[in-house]
Amino acid sequence: MLTAAAACRSGQSSASKTAALTNIVVRSGGSLIASIRTEPGSFNRYVHRDAGADLVSILTHAKLVRINKATQLVEPWLADSWSASEDGRAFTLKLHPGVTFSDGQPLTADDVVFSFQAVYALGPEGPLGDALQVEGRRLEVAAVDASTVSIVFPVTYAPGVRILDNLPIYPKHRLEAALRAGKIHDAWGLSTPPSELAGLGPFVLADYVPGQRLVFDRNPRYFRKAADGTALPYLDRMTVEITPDPNTELLRLEAGQIDAMTIEVAPESYAAVKRAADAGKVKLADLGVGYNADTLWFNLKPGAFAGDPRAAWLQRDELRKAISLAVDRKIFADTVFLGAAEPVYGPETPANKQWYWGRPTAHDPAAARQLLASIGLTDRNGDGMLEDAGGRPARFTLLTQKGRPNLERSVAVIRDELKKIGVTVDVVTLEGLALIERFARTRQYEAVYFTVSKTDTDPAVNLDFWASYGGAHIWNFAQKTPATEWERRIDELIVRQIAAPDPAERKRLYDQIQEIFADHLPMVYFAAPRIFVASSVRMINVTPALLRPQLLWAPEAVAVVH
Amino acid sequence: MSRYIVRRLAFAALLVIVVSSASMILARLAPGDYVDLSLPPEASAEAKAQARARLGLDRSIGAQYLEWLGAAIRLDFGRSFLYDRPVRELIPGRAANTAVLALTALAVATLVGLPLGVVSGSRRGPLSGTIRFISLVLLSMPPLLTSLFLVFVAARTGWFPIGGIGESVLDRLHHLVVPAMAIGLPLAAVLERLQAQAMGEVIGAPFVLAALARGVTRSRVVWHSALKPSLRHVAAVYGLIVGSLLSGSFVVEVITAWPGLGSLMLDALRARDIYLVTGCAGTGALFLACGTLFSDLALGVVDPRASERVQEAA
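First to last, the sequence lines map onto chains P and W.
With this note's numbering applied, the first sequence has no gaps in its numbers, which climb one by one up to 562 at the end.
With this note's numbering applied, the second sequence has no gaps in its numbers, which climb one by one up to 876 at the end.
Chain P on its own, in the form it takes in the complex:
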């Protein structure tokens, strides 16, 4: 049996270290104002996935284990310890003693079982259902006794309890009636009075004014304490103000009217924030290159271009490889991210140190032209642009989202770089929903440049991206049988990768998967931005992380200078 020790590194201890290094004494009390761009879609994280709902969940709920967003390690949280069976399928978790919900009711194993039931009851509509399944099958959860939970995975699952970071534990006594009535979807919507909500997190929702703010007060029953025994959270109150405009948000930060943003500083705002930081008005931190990069992909659904003469080359690997060779990633990083980015060549960026595998592609327009010539695209009329065998121009339409400067700048660079090798790109910017409809619903598109974010750094958690049957296998999702041999091979490898108990074996398998991906390049990556975060000078004891919300993922530890 494998047993995880309870004394893992915690967010608090590292945060305390940070405070000690800066010679600032962390004291309880005070309040902080953060801002978000849009308000949550619901207070119920089981039914809604957006930045607002996520923040509410982080502030007001707790999970069995927590992935430390700064270290990516699993930390004991509501579960103090756990043990695994020999085959790695069954886990037994012991709950932290004496934990109570914010309404005073004790946490028991029944609440854990109930939480799984509620998520699964929502079926495919619930955003957490997929995240709590392995290979499309649910986990079996049972209460062994009041403080012990048994979780059995359908197959051996190497990341193990890491998956539990997806599930905030909800109070059975508050929501059981809704579950029984089949109304869990309607429970804890935005119209629910704050007094009816109860959680295990560091804060409780005290007030919500639509379109304006959410106010969270300290949860006096929160179960965690700082290393020195101080009751957490440190803050008495956290107000989250809704500020839709990014410029206003930054100006408010500079003016000291808010303490923290819940997202990173945009590249175009970096210079202004740097000036403010130099003037001592804000704190600015460079967290390094991010985990995610925007990407270009073609519609690889078989038959998507039936009847179109360009079908002969639009879905060919050579086209995508030529694009990868033709785009100068240095120019791309300088133009799109104003230099604050690093070249990337696949879905993993160098930030994901544990899983990154990279095969750099040199900028080589001549090689790109050769590849295009191999699929029949050459300059047949001497105008410098390429044509196919029928004399039709090498031309495709690239869709992206309107109103997102990074994406709009990116497609402009891609268009200009491809023009140099004789390929014409017609850029079409669409409103966000219209774009999603094109590639996710109607699937009537040629190519898209967009953001496809991973939900975790562990590839096993991103099975829906890698597996051909997955919903996030974005170039040709939800396939009944793999459309290509290389996708079939990735399907095989990812299943083995998920089940392999040895981390070195998992890395080897994942390297193979990334190599196959690089050989066929279903998605072309160019650069990943560096992540900068800004906060007020009075906000302390923060351990910034690359993933959002970078400054507030461990809200219990955050404090302010008194």
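One or more of the hints may lead you astray.
Far from chain P, by Cβ distances over 12 Å, these chain W residues were calculated [what the hints assert, rightly or not]: (1) Y566; (2) I587; (3) S622; (4) L631; (5) R636; (6) L665; (7) P677; (8) R685; (9) P688; (10) G691; (11) T779; (12) R780; (13) L859.
If you want a taste of the chain W side facing chain P, the calculated C-beta under 8 Å gives, among others [to be verified]: (14) E604; (15) F714; (16) A819.
Restraint ranges, calculated between C-beta atoms of paired labels, are given here [claimed, not checked]: (17) W/S806 / P/K274: 38 to 46 Å; (18) W/V580 / P/V561: 53 to 61 Å; (19) P/P405 / W/A584: 30 to 38 Å; (20) P/D286 / W/V580: 48 to 56 Å; (21) W/S622 / P/Q105: 40 to 48 Å; (22) W/Q759 / P/D186: 54 to 62 Å; (23) W/L577 / P/D317: 55 to 63 Å.
Keep in mind that the hints were calculated from the coordinates and are not lab data.
In this text, a Cβ means the ideal position worked out from N, Cα and C, and glycines have one as well.
Model the placement of chain W on the given structure of chain P, informed by the hints.
Here is chain W on its own, set in the frame of chain P:
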């Protein structure tokens, strides 16, 4: 007169119904829906179908529209997907915020623009030239820039809060300054230009020249005799300005995070929250219709000829 007002109110009701209906149909016809936004792009077709059925988005536009219309007669305007609340509960608070902002901006515009228009229209010289120049600058700046500029000034000086609405009455007044100026100053420039032009015309009228010939002082002639007839032009557009202001200023409300009807409508449009879009558009139309009525009545007060036309129409 009362018949006229009743007729105009009936027209307002018709306008609200037409605008609301058109908004609802257009919001349904636009690509994407609330389910596309609330579920991740990779969500299964089954999950999306389930969500659409729950929200009633699986029905035809016609069926959905008729059901909404039937409910709207009972003053039930549907439930916002985004806020999970009845639209009827959401609109009044936001409309009130917009009304406070609009009326404050209108007061600023009127108190600043009209007197300056009278001054610049009734005399020549460096003062009127300066007023005209400032007005032209304000007129040529789009609301986006004006808002950003004022927000920037507020951030740099720290004189006024940026964003939000505040809690106490004093706090609210403090928060009101930046958005009210952002809307009010360009509007003051519009009123100044209109009033200056009108005053320029009236100042050359025979009755003004006669008064001056009788020895009445110029300032008395301008502020007592010429002012009222010159207000006709401004009064004619005043209602439209009131109506459009009350419909919500998208840009200013978003940039200054003022929780009014404009920002609510924008959120609703982005999320394809069709019932909320419909409610906001209907309220905006109602405000516009009331503004136009107010304009006609105001015009009647300052211009007896217009009043006669109103009587004839009644």
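Quick rundown of the hints versus the structure:
At roughly 38 Å, the least C-beta separation between W/Y566 and chain P is larger than 12 Å, which holds for a residue marked as non-interface. For W/I587, the requirement that its beta carbon stay farther than 12 Å from each beta carbon of chain P is met, with the minimum near 17 Å. Once the 12 Å rule is applied to beta carbons, W/S622 is consistent with being away from chain P; the minimum gap is 18 Å. Its beta-carbon lying about 24 Å from the closest one in chain P, W/L631 satisfies the requirement of being farther than 12 Å from that chain.
Non-interface status of W/R636 relative to chain P is upheld: no Cβ of that chain comes within 12 Å, the nearest being about 20 Å off. No Cβ of chain P approaches the Cβ of W/L665 within 12 Å, the least distance being about 19 Å, so the stated non-interface status holds. For W/P677, the non-interface assignment is confirmed: its Cβ lies about 32 Å from the closest Cβ of chain P, beyond the 12 Å cut-off. With a minimum CB-CB distance of about 40 Å to chain P, W/R685 clears the 12 Å threshold, and the non-interface call stands.
Remark: the non-interface label on W/P688 is consistent with the geometry, its nearest Cβ contact in chain P lying 35 Å away (cut-off 12 Å). Taking the minimum C-beta to C-beta distance to chain P, about 34 Å, the non-interface status of W/G691 holds against the 12 Å cut. The claim that W/T779 lies off the interface holds: its Cβ sits roughly 49 Å from the closest Cβ of chain P, which is beyond the 12 Å cut-off. Annotated as non-interface, W/R780 keeps its C-beta farther than 12 Å from every C-beta of chain P; the closest such distance is 46 Å.
Interface exclusion of W/L859 from chain P stands, the closest Cβ pair being 33 Å apart, more than 12 Å. Taking 8 Å as the C-beta contact cut-off toward chain P, the hint placing W/E604 at the interface holds, the least distance being around 4 Å. With 8 Å as the threshold, the beta carbon of W/F714 comes within range of chain P, its nearest partner Cβ sitting at about 6 Å, so the hint holds. Restraint check, W/A819 versus chain P: the minimum CB separation of about 5 Å is within 8 Å; hint holds.
Against the hinted window of 38 to 46 Å, the Cβ-Cβ separation of W/S806 and P/K274 comes to about 40 Å, which satisfies the hint. Here the CB-CB span from W/V580 to P/V561 is close to 57 Å, well matched to the stated 53 to 61 Å. Between P/P405 and W/A584 the beta carbon distance is about 32 Å. The supplied range of 30 to 38 Å therefore holds. Separation of P/D286 from W/V580 is about 55 Å and conforms to the stated range, judged on CB atoms against 48 to 56 Å.
At roughly 46 Å, the beta carbons of W/S622 and P/Q105 sit within the given window of 40 to 48 Å. For the pair W/Q759 and P/D186, the beta carbons lie near 58 Å from each other, so the given range of 54 to 62 Å is met. For W/L577 paired with P/D317, a C-beta distance near 58 Å keeps the hint of 55 to 63 Å intact.
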